[in-house]
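**Q** The primary structure of each chain is shown beneath.
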Amino acid sequence: MTLDAGLVGRSYPPSVVYEVGREKIAEFAAALGDPDPVYRDPEAARAAGHPDVIAPPTFAIVLSLGAGNVVLEDPDVAIDYSRVVHGEQKFVHHRPVRAGDRLVATASIEAVRTVAGNDMLTTRVDLTTEDGEAVCRTSSMLVARGTAAEGSA
Amino acid sequence: MAAVVGFADVEVGTELPGQTSTVTRADLVRYAGASGDFNVIHWNERVATEVGLPGVIAHGMLTAGLAARAVTAWAGDPGALVEYSVRFSRPVVVPDDGTGAEVVVAGRVAALLDGDRVRVDLTVTSGGEKVLSLARAVVQL
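As they're listed, the protein sequences go chains A and B. The numbering of the first sequence is UniProt numbering, which starts it at 1 and goes up by one. The numbering of the second sequence is UniProt numbering, which starts it at 1 and goes up by one.
Simulated from the structure, these hints should not be mistaken for lab results. If you're wondering where the values come from, they're calculated on a predicted model, not measured in any experiment. A hint or two may mislead.
Said to hold, decoys possible - Partial selection, computed: residues in chain B whose CB lies under 7 Å from chain A: (1) Tyr-31; (2) Ala-34; (3) Ser-35; (4) Asp-37; (5) Met-61; (6) Gly-65; (7) Ala-68; (8) Arg-69; (9) Leu-81; (10) Val-82; (11) Ser-85; (12) Val-86.
Quick reminder that beta carbons are idealized off the backbone N, C-alpha and C, glycines included.
Just need the whole structure built from these sequences, with the hints factored in.
**A** Shown next as structure tokens:
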């Protein structure tokens, strides 16, 4: 299941629009045990200068995971999902994701590597509003652990 | 949209308040639902051990999210965190024992950047072992 270096640069069609809801943001903040009111209270968010409640900085993973599945479902990307662990993750925020955003996620393959029997796949996801405003770029490196390898993250 | 901490208030070496969180199996279920990451290794001991893991492990992004919380709580505005990157160096094993695992986060300002930004380097451990490496945040002050 070695990944073909020719996959680098392959991009996938944009996702359907994801509408960011206040409840989903509050649910995500609760899962992180984060009590910050800017994730729940529109008034507190506006007092901090945001138009509506904003999402925690790692919330973008919700969209990038969904968009990244397009890559894992690509028949040319032969990866056993049960053997996949997350190796690295990066977020670059142009502005915070916020309630009411209508976002489109576009995935592309940034890098593939094979090290010590482990396939490593780096997927980039660009999040923009449906009007094209750049909001966030994520980069996710997944490791498909080979049979010989011992566990790492 | 402004951090509470000012650029003039910090220097290289400024330490962030430490943070300790407990992660239980229930927290993994909650995070799975909130994030949409239902990978079985985060809830099924049988499958986790079958694929060679020591047991059920926390979602890397749960650990990373907890670590980011230490930065946003310090900055005073989560919108101030403009870049964030982590490498998952070791899994956080979450036992089914009613106690769970501890995730300990420490951070310090590692560099002053242009445009009133700073780079914060985080040290994130569980059971005394580093679980994230190269955990870095760029914060707009």
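**Q** Check each numbered hint from earlier against the structure, then list the numbers of those it violates in ascending order.
**A** No hint contradicted; all consistent.
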